[in-house]
Amino acid sequence: MTLSKILSRTPPSSVSANKVVTSRLTLQSRGQGFVDITDEVARFVEEIGAREGALTLFIRHTSASLTIQENADPSVLADLSAVLARLAPENAKWTHDAEGPDDMPAHVRTMLTATSLQIPVLNGEMTLGTWQAIYVIEHRRLAHDREVVLQFVGLAD
Amino acid sequence: MTLSKILSRTPPSSVSANKVVTSRLTLQSRGQGFVDITDEVARFVEEIGAREGALTLFIRHTSASLTIQENADPSVLADLSAVLARLAPENAKWTHDAEGPDDMPAHVRTMLTATSLQIPVLNGEMTLGTWQAIYVIEHRRLAHDREVVLQFVGLAD
Amino acid sequence: MTLSKILSRTPPSSVSANKVVTSRLTLQSRGQGFVDITDEVARFVEEIGAREGALTLFIRHTSASLTIQENADPSVLADLSAVLARLAPENAKWTHDAEGPDDMPAHVRTMLTATSLQIPVLNGEMTLGTWQAIYVIEHRRLAHDREVVLQFVGLAD
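Chains as they are written, first to last, in my numbering: chain A, 3 to 159; chain B, 3 to 159; chain C, 3 to 159.
It should be emphasised that the hints constitute simulated quantities derived from the structure, not laboratory data.
Treat each hint with caution, since some may be false.
[To be verified] In silico SDA-like cross-links for lysine to any residue, where the CA-CA straight-line distance does not exceed 25 Å:
#1 A/K7 / C/L144
#2 B/K7 / A/E48
#3 A/K95 / A/K7
[To be verified] Cβ-Cβ distance ranges computed for the label pairs, FRET-style:
#4 A/Q30 / B/R143: 37 to 47 Å
#5 B/A94 / A/E92: 20 to 30 Å
#6 A/N93 / C/E92: 19 to 29 Å
[As the list claims (entries may be wrong)] A few chain B positions that, by computed beta-carbon distances, are all more than 12 Å from chain C:
#7 P13
#8 V110
#9 N125
#10 T132
Idealized CB from N, CA, C, for every residue including glycine.
All chains, full assembly: derive it from the sequences and hints.
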């Protein structure tokens, strides 16, 4: 284990948990790649008056997934796609191939990334870092409608 | 980044958060493979009268993990097992081998999948997609008793 | 799917959800490796009087990540580092290399591990298993200040 030190912990803020707010986001992918949904999720947080609490994102599919990744340079996303293609190539002699050569790789890539994510909300905003964006990753070759459940639990107006 | 469009976002439902309900599920694996726990988790959600809120699943082990994957064709699970075996093979000259050749691969496969999952509950049911099942993945060769903590936070009867 | 059986499910405990408590933990890594933050997170849980509820950990970076892994033998961490290095090597001809040869591998390793984790709290303590520790994984070569948001939602004193 690397030596390291804890530098600080901010005094905890504490508020009443009073609400659960849920919505379903539907988007259309354009085939394999990353879809940035950060702005739409931020709009949800703002519209429901979320102040402090936990935001859950859950994608209702097994061939598309979620990740939080770099928001600045698109070449990062190209490299991430290349890695996923290498870890689960289409020509790997999959047993399950009835739904096309891109189906089983899509399941693998989903398993290696995320189906659910949680982002704390504080002072009315997601606590994303400067370089973080929220992405849906479409793993199939064709365009698909994809659903993401957004659910906030905590203090809201 | 792939072009795409947001198609819709449903009007948010909003209810009072009033409860935390926790239970520990113990299961016995039969050695390496996927154990479908969807029905048992659904029973928990129903029995506690969960209406709307976040369900957390947490597995208390470092050589077994959680994933949400395809529930229909068992060949998908065979292929996922094959990928995990390829990403973390038993014969990779691990430093840590005191607990047997399947131990370190089990830790790696745990790290690459999930220790915690969250599933939003809405209208009294988990918002799983049509093809989604919840699995415990046993990564050790021998049968083990495994514990999964189920915890609901939100509105319950 | 492996044959298996559900052995038991404990009677659910049920308490009122009354609070959201949030804090930001800052730590300094010493370059690539695993930083054990379990004790510091346990102190947060104790100090805020958390009794039962969901603890979210969220790391605000795309080149450092979270994992829950074996706490006993340091050779496990060495092997995990070796696997991450093999899955995303520095010499893989990344498109994105403006920030140094260790930057794109850091993004990949982040994607394959976790940005958010949830740990249920029960009876005033995290429900970690005997061998589980919570780690920040620093994926860059140089030391960095890293922020982890800790947020508890549930019953607290």
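#### Entry: Hint numbers contradicted by this structure
3, 8
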